[in-house]
Amino acid sequence: MPLNERQLAAFADKHAWKIPFDTSPRHLAGPGDARHVTHGLAAAGWSGVSDPLSAEIVLRSPDLRHSLQFDPQSATGAWWRLRAEPFADGPGWYAEFGELMPAEVLGALTDSLISAPSQPADPWIPVTSAGWHRDSESTARSPDSMCRIEMRKLSELQDLPSWHIETSEPRGEFSGPRIWHAYLDELTPPHLVTSFLTALADTSPLQRGMYERTAHYRAVQKPSPLRPQQVVDGHNNRISSLRAHARSARRQQTKPATTAANTNPARPAARR
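So the mapping is simple: the numbering used here equals the position in the sequence shown, first residue as 1, plus 6.
Hints are computed from structural coordinates only; laboratory data are not their basis. Check the hints yourself; a few may be wrong.
To be verified - The following label-pair restraints were derived from C-beta to C-beta distances:
| no. | residue 1 | residue 2 | range |
| --- | --- | --- | --- |
| 1 | A255 | E175 | 18 to 28 Å |
| 2 | A40 | R184 | 15 to 25 Å |
| 3 | A15 | E175 | 33 to 43 Å |
| 4 | S30 | E156 | 19 to 29 Å |
| 5 | S247 | E175 | 36 to 46 Å |
| 6 | W23 | F93 | 41 to 51 Å |
Glycine included, every Cβ here is placed at the ideal spot set by N, Cα and C.
Could you put together the complete structure from these sequences and hints?
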């Protein structure tokens with residue numbers, strides 16, 4: 007079923023009483039509200055195909071190619087799983103994301119899945135522009151060294167890399183216990199990788215309510231200049247934009263192709 011006004015009202019009711027706190031860095035901000043992801047996809051026509059009484063949520067795209075699974079009972083720590091089936095215009099791919107990864111960061115990726123693909127930029131550019139340190143050509147770490155991005159190739163003969171992101175406890179020269187992870191396989195479309203890393207490295211804070219869970223005690227919080235209603239309005243504006251993108255995409259798919267007869271009208275027959 008499409009996203010309805012009752013569901014948007016429930017989001018507004020939850021956030022209307024929360025005093026927003028600017029929370030940074032993003033990789034320590036905590037999970038936030040999962041509806042940053044699910045509302046965006048539902049607004050674009052994705053439908054729920056899971057048992058409504060189950061804790062697990064599964065959404066599927068209108069063309070049945072993509073699916074998103076949210077499983078808070080996962081034993082692997084991957085609460086989010088995003089899959090694309092092989093299709094005429096491209097191969098299948100897979101990505102997964104841990105429990106404490108900010109929903110807004112995953113939402114940036116799924117928003118790009120809905121919108122028309124842009125020319126993929128170098129995914130390292132937004133990372134280094136945000137002050138992350140490049141340890142090598144294939145790795146980068148956040149200024150606090152608690153989040154690490156690694157690009158891995160399966161072999162020397164394989165050009166396409168997979169992406170591994172891990173936020174972990176600081177422990178001297180080596181990483182401590184993992185806080186959350188993300189994995190995007192080597193066939194994940196490059197523009198989605200860029201959208202994800204851009205949102206992850208963005209230095210602007212995320213909003214969390216007072217006493218809301220963060221990923222780590224090192225997350226820095228201070229009262230936000232935003233009012234609760236502005237947080238709700240920002241969510242609703244994003245939903246409206248995604249609905250418009252989805253409608254535009256559907257119109258493009260159903261638009262009849264221009265025939266050669268229309269572009270090159272026949273000339274009248276010559277008189278004998």
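A quick look at each hint next to the structure:
no. : hint                       : verdict
1   : A255 with E175: 18 to 28 Å : violated, 42 Å
2   : A40 with R184: 15 to 25 Å  : holds, 20 Å
3   : A15 with E175: 33 to 43 Å  : holds, 39 Å
4   : S30 with E156: 19 to 29 Å  : holds, 23 Å
5   : S247 with E175: 36 to 46 Å : holds, 37 Å
6   : W23 with F93: 41 to 51 Å   : holds, 44 Å
Hint 1 from the earlier list is the only one contradicted by this structure; the remaining hints agree with it.
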